[in-house]
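Build the full structure now, drawing on both the sequences and the hints.
Protein chains in written order, with the numbering used here: chain A, 211 to 510; chain B, 17 to 277; chain C, 42 to 311.
Keep in mind that the hints were calculated from the coordinates and are not lab data. Treat the hints with care, as some may be off.
Straight-line C-alpha distance at most 35 Å; calculated DSBU-like pairs for lysine-lysine [claimed, not checked]: (1) A:333 x B:277; (2) C:311 x A:333; (3) C:311 x A:382; (4) C:311 x A:344; (5) A:333 x A:382; (6) C:311 x A:422.
Just the calculated beta-carbon pair ranges, DEER-fashion [claimed, not checked]: (7) B:118 x A:330: 54 to 62 Å; (8) C:307 x B:33: 39 to 47 Å; (9) B:27 x C:246: 48 to 56 Å; (10) B:276 x A:333: 19 to 27 Å; (11) B:65 x C:63: 50 to 58 Å; (12) B:266 x C:255: 47 to 55 Å; (13) B:27 x A:247: 30 to 38 Å; (14) B:134 x C:264: 32 to 40 Å.
If you only want the chain B side, here are some residues facing chain C, beta carbon under 8 Å, derived [claimed, not checked]: (15) 68; (16) 70; (17) 74; (18) 93; (19) 101; (20) 193; (21) 195; (22) 196; (23) 199; (24) 200; (25) 201; (26) 203; (27) 207; (28) 208; (29) 219; (30) 220.
In this text, all values refer to a predicted model and were calculated from it rather than measured experimentally. Yeah, the Cβ is synthetic: ideal placement off N, Cα and C, and Gly gets one too.
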Amino acid sequence: MITVEGLTRKYGSFTAVDDVSFVCQPGRVTGFLGPNGAGKTTTMRVMVGLTPPTAGRVTIGGHLYNDIPNPGRHVGVLLDASAQHAGRTGREILELGARTMGLPAERIDEMLELVSLTPAEAKRRLRNYSLGMKQRLGIAHALLGDPSVLILDEPANGLDPAGIRWMRGLLKGYAERGGTVLLSSHLLNEVELIADEMILIGHGRIVAQGDKKSLLAGAHGTASTFVTALDNEALATALRTRGLTVASAGDGLRVEAEPVEIGRTAAENAIVLTDLRAAEGALEDLFLELTSETQREVLA
Amino acid sequence: MTAATLDLSGTPATPFHRLVRVELRKSYDTRAGFWLLAVIGLLVLAAEVIVLAVVTTQDEAIAFGDFIGTAAFLTSFLLPVLGIMVLTSEWSQRTAMVTFALEPRRPLVIGAKALVGVLLTLATVAVSIVIGLVCNLLYGLIEGHVDWTFGWSDFAAFLITQVLAMLGGFALAALFLNTPAAIVVFFVYKWVLPGLFALGAALMGWFEALRPWIDFQSAQEVIWNMSGTGTEWAQLVVSGIIWLGLPLGFGTWRVLRAEVK
Amino acid sequence: MTTIPASGLGHSLDLSSTTPTPFGRLVRVELRKTRDTLAGFWLLLSTAILTALVMVIQLAVGITQDDVSLSYNSFLTSTSFSIAVLLPIIGIMLLTSEWSQRTAMVTFSLEPRRPNVIAAKLVVGLLLAVAAVVIALGLATVCNALYGVLSDDPTVWNASVAHTAAFVLLQVVGMLTGFAFAALLLNTPAAIVIYMVYSFVLPGLFELGAQLMDWFDSIRPWIDFNSAQSPLVDATMTGKDWSYFVVSGFIWLAVPLAVGLWRVLRAEVK
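Here it is, written out as structure tokens:
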């Protein structure tokens, strides 16, 4: 469990992180979401003792990071996959980590296999790695010590779609076994797919937190639905007579209502639907709204 | 506008002076670059002030040329470091990728960097002369007599030797494309090699005969007295080819062919 | 559905079975880091090659020139052109490469007790200095034996415990000076330039100052660490020499090392 309490970090007059508090529960993947420069990385750096906080503190499983003996065995950290010596081979980088943590050499092969780096790739020097390969290596490094807490900064950055799917499976499985995962991203779609819990940060402050459902419910009283029918005009008329707001969107209609209500209307009027789903992008709207420059004091 | 081929008629090639201006800016827009330039200026100033303080308290005689000589001593090892960093920082910071993407004609980029090195050398020479001038004036005010011995030939020699020093660093940088290696080799060349040359010449007759042709540093003496014989000038050219021409040529060839990572 | 969390997973970390990273392991890892990159490997190898090369040239000159006579110690002294120049560079790169390659982030997240990491690096530096000494002693022995066979001069084995100890101290101090400048500046080019200026330019300036000013002449031995080391070369240190060595060493070694360490321990690692 990661507990952040009243964390503030200032650089001169610039406040990178402003009184941030949150908790990452074991057994859940917590997504740390915010635009570039929102304070995600600084918060994570304070977590692992690389940046001293101006005020507040972070504990991992009840301990300050710097008080954890052999921390690699408890907390897996990936802050910047490129921050490795360009002249070392991938395997050598894991070798150094394993030796520092006192792990057997077999662990290196296990991890290389886990992140799908072939022996030939592992022999190449880091300067010849693609960003996606560096990320895989970084994740392997973080998992090396079989930690119970994972702190990953932008781990999906540079991964191909198959890689993102792989990572989602990996982290979900890890959390299901009781592990605590905190991962940051500036891409909503990534976090939405992987995280159980989301923490939205903008300008160094937390603007919203909770699971996807409660975030959406808190943001808008009414849901929004996207619907396409064989006869869109007939459906629009029927919906309007029920007092619903309807707008045309692409091939179909956007309606301010739950999908169930539209389905009912269609059934009553014998209109054939070809597509019915909750409108995508609601969370994205929320994200942009919460973290925009002219951000208002919304939500707790 | 959609066309199968790019219309290049309206795009002139990047002019060389624009490259030079950009490269000049790169030399001072980072903290490291700025401080390197600032340290060169401050060290020259500090050294001249110390010299002034020493000669006035000890009642020694000093000429304008001596102040310039002090500056030349300092800049003779600081300017090569500048010449090295102008080139190697593109590799250590991996900015070469961006630079060569914007101007694929690599010889022009290298040329622009070399020219920036020369321009910064000229600026350093100018600053040194102004500082020397002020110090000599102060010396005159304090001591009541002043010696302005410093001829045009001295000035030219100062200028040429400093440019050669800077280019020496630049050539090593092109050869190694690695900051620490280039700096270490430069200091060994500058401070260790003369001793070894002198030792070898003292011990072996054949080496003593060969030495003037391969010792670039002592060959540069001829620039200062300007009245050298043809042989001495030839020795300057030959040793210059060995220590400047060859590394610069080989290094440039390497930069032009290298895969930029 | 009830899930039983695996042992060690839960709200608080159970640290009872985790021992702190032993210092010996850190030293071994740091030692490995000095040679597992091409740059590091070549730096170590070229130090050894240069040492051999200088001695072989010296041997060749000694054999061909009749008016030159060499001894075991003169072969050893030739390392001032090889080991003495490159060992401090190794000391510098030990520390600064973690910053220039940004690996300090990983290093300090696996071992947050930064003093231990720095101390491990320092021990590695000392080990490398000792290794360099061993190589130099071996090469000097071989060269002197060859000299005895190939030249008309008699072989002089003027090795002594005092000489060897002084030689070790000299190399260790060289390495430490580089390390101290590196800790102070945490930047490879700056540390190398400052070290080179300190070892090649400064002695001349001290000499000049001493000639011009009497007061400077009298304080110079106390602040000139380079000249304080010169009696070590032929192992003729007197009590006064030792006090010069300690005081100037304090200025040039202890002070930068202390300020540098203080900086490393407090620095935000980027």
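* **chain C contact restraint on residue 207 of chain B - CB to CB distance below 8 Å** => 4 Å, holds
* Asked: Is the distance from the Cβ of residue 266 of chain B to the Cβ of residue 255 of chain C consistent with 47 to 55 Å?
  -> This hint holds: roughly 51 Å between Cβ atoms.
* To do: Would you check whether residue 70 of chain B satisfies its interface hint, that is, whether its CB is within less than 8 Å of any CB in chain C?
  => 5 Å, holds
* Taking 8 Å as the limit, does the beta-carbon of residue 200 of chain B come near enough to a beta-carbon in chain C? -> Holds, about 6 Å.
* Let me know if the C-beta of residue 201 of chain B comes in closer than 8 Å to any C-beta of chain C, holds or violated. => 10 Å, violated
* With 8 Å as the cut and Cβ atoms as the points, is residue 219 of chain B at the interface with chain C? -> At 5 Å from the nearest chain C Cβ, residue 219 of chain B passes the 8 Å test, so the hint holds.
* **Interface restraint verdict for residue 195 of chain B against chain C (beta-carbon cut-off 8 Å)** => 5 Å, holds
* Outcome of range test on Cβ distance (residue 118 of chain B, residue 330 of chain A; 54 to 62 Å) -> 34 Å, violated
* Asked: Is residue 311 of chain C close enough to residue 344 of chain A, meaning Cα to Cα at most 35 Å?
  -> 18 Å, holds
* Would you mind confirming whether the straight-line C-alpha gap from residue 311 of chain C to residue 333 of chain A stays at or under 35 Å? => 27 Å, holds
* Asked: Taking the CB of residue 27 of chain B and the CB of residue 247 of chain A, does the distance hold inside 30 to 38 Å?
  -> 34 Å Cβ-Cβ, so the 30 to 38 Å window holds.
* **Distance restraint between residue 333 of chain A and residue 277 of chain B, which requires alpha-carbon spacing of 35 Å or less** => Given pair residue 333 of chain A, residue 277 of chain B holds - Cα atoms ~18 Å apart, limit 35 Å.
In this structure, the earlier hints numbered 7, 15, 20 and 25 are contradicted, and the remaining ones agree with it.
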